[in-house]
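Asker: With these hints in hand, go ahead and build the complete structure from the sequences.
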Amino acid sequence: MALTAVKGFNDILPDEAARWRHIEQTARRVFEQYGFGEIRVPVMEKTELFCRSIGDATDIVEKEMYTFVDKGENSVTLRPEGTAGVMRAFIEHKLYAQDPVARLYYMGPMFRYERPQKGRYRQFHQIGAELTGVTDPLADAQVLTMLTLFFREIGLQEPTLQINSLGCPDCRPAYRAALRVYLEERLGLLCEDCKRRYDTNPLRALDCKVPGCAEATSAAPSVLEHLCTGCDEHFGLVRHYLELSGTDYRINSRMVRGLDYYTRTTFEMVTGLLGSQSAVAAGGRYDGLISQLGGPALPGIGFAMGVERVALLLGSQDFSTTPDLFIATMGQGERELAFTLMDGLLKGGFRVEMDYEGKSLKSQMRRADKLKANYSVVIGGNEVAAGSASFKRMADGSTTGVPLTVSAIQTFLSGALR
RNA sequence: GUGGCUAUGGUGAAGCGGUUAACACAUACGACUGUGACUCGUACAUACGAGGGUUCAAAUCCCUCUAGCCACCCCA
Numbered sequence: 002m003a004l005t006a007v008k009g010f011n012d013i014l015p016d017e018a019a020r021w022r023h024i025e026q027t028a029r030r031v032f033e034q035y036g037f038g039e040i041r042v043p044v045m046e047k048t049e050l051f052c053r054s055i056g057d058a059t060d061i062v063e064k065e066m067y068t069f070v071d072k073g074e075n076s077v078t079l080r081p082e083g084t085a086g087v088m089r090a091f092i093e094h095k096l097y098a099q100d101p102v103a104r105l106y107y108m109g110p111m112f113r114y115e116r117p118q119k120g121r122y123r124q125f126h127q128i129g130a131e132l133t134g135v136t137d138p139l140a141d142a143q144v145l146t147m148l149t150l151f152f153r154e155i156g157l158q159e160p161t162l163q164i165n166s167l168g169c170p171d172c173r174p175a176y177r178a179a180l181r182v183y184l185e186e187r188l189g190l191l192c193e194d195c196k197r198r199y200d201t202n203p204l205r206a207l208d209c210k211v212p213g214c215a216e217a218t219s220a221a222p223s224v225l226e227h228l229c230t231g232c233d234e235h236f237g238l239v240r241h242y243l244e245l246s247g248t249d250y251r252i253n254s255r256m257v258r259g260l261d262y263y264t265r266t267t268f269e270m271v272t273g274l275l276g277s278q279s280a281v282a283a284g285g286r287y288d289g290l291i292s293q294l295g296g297p298a299l300p301g302i303g304f305a306m307g308v309e310r311v312a313l314l315l316g317s318q319d320f321s322t323t324p325d326l327f328i329a330t331m332g333q334g335e336r337e338l339a340f341t342l343m344d345g346l347l348k349g350g351f352r353v354e355m356d357y358e359g360k361s362l363k364s365q366m367r368r369a370d371k372l373k374a375n376y377s378v379v380i381g382g383n384e385v386a387a388g389s390a391s392f393k394r395m396a397d398g399s400t401t402g403v404p405l406t407v408s409a410i411q412t413f414l415s416g417a418l419r
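Heads up: take any position in the first sequence, counting from 1, add 1, and you land on the numbering used here.
The reader is advised that the hints may include incorrect statements.
[Stated by the list, open to error] Subject to a maximum C-alpha distance of 25 Å in a straight line, what follows is the list of computed BS3-like cross-link-like pairs (lysine-lysine):
hint: 1; residue 1: 348; residue 2: 371
hint: 2; residue 1: 64; residue 2: 8
hint: 3; residue 1: 47; residue 2: 72
Read the hints as simulated data drawn from the structure, not as lab findings.
Answerer: This is the structure in structure tokens:
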């Protein structure tokens, strides 16, 4: 293989691209129904944006970013996630001045320098949505019901919603401290990673997969019991609204986020079908982010879903389209007529194919079959003489005689295809 | 960054030191003389990830490299 794609960067071939389009179109339809508008932001931003939003000490910033210095000596990086850029644009263009309640969605490639594995690539794609300016739990519920509806519309039962609250800058430090106290007594039982986490990010120890750690932390204090009054009420109302809307969810008080900007509500759509990549979509509230990036003190909440992962869940469902009609021909003169008919039908909105190279009738019919054409027609001397031909429905072989004019065929096809 | 596994044609794969690299699918053309799906025939890897080495002889053994996959870390 002389030249190949960069490691972790994949080609999306036509059959799979069709599945992706289905995902994207469903997202657009559902999100726009909820009043979200698309925003398109660059795939590259100043490095500082991500350091400030995602968090300097975060794995993403520490070791996973595609960062380099451009010819103007600016440090730039390929976006590892979408929220930061969208919020930067929201602030830069003062969208909040028009309406602090912005509902934005985006889709596109993200880049993270990690070892590729199932459902995880260096260039991957996310579809995300952000809602700003609303502190009320109604916003949380709205975003969650929208996400749930998306999965229902796409035809997936599997991912289930898990929610949690991480508290706010008022109550989280206290919880952290309480957790540290608990962990300190059991440091000896923890794996090496968790010992390290004890210092850097004790919450991470809660979702460690090492059996010993799971056991050691089984009785650990729960965030939910350490929420301040405001956060507790907020979380209670989120749950209340979810119940009002009949949205299924599970509380997972051990759910942790990888980005620093999250506050209060966090959530994931999880599945057991993707190996170790259980999160298909994830997000949460980020009430401090906008002001942290130099904007007004507005709250926000949003999520992102991994398109590759959703596509994997959709499996091999076929979303490709098939021709309405295949025209087979017998001779050169007939090919001209066929071309004219095909051209007219294509301009009329039908999907039509014919043979390109004057192959045998047998070959042409095989091709019609392979392309899964709904109808086929053979045009030879007899048909030209008669001015009509029999159109064969490939599924059952039944035929119908139709005059060989664009309008007659159009009428026939519209009725036949319904 | 760490670990495990795997690398044979368009695809799935046989092959485990010895003349022409099974078989299947896919593809192309044809048998069925102007009509597909079934059946049948023919064609289709000077080539076994790359580079070295061992040997009279290697796709088959050894080494190095590269790539892919899966897992850890972390994450969508």
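Asker: Hint numbers the structure violates, sorted upward?
Answerer: none
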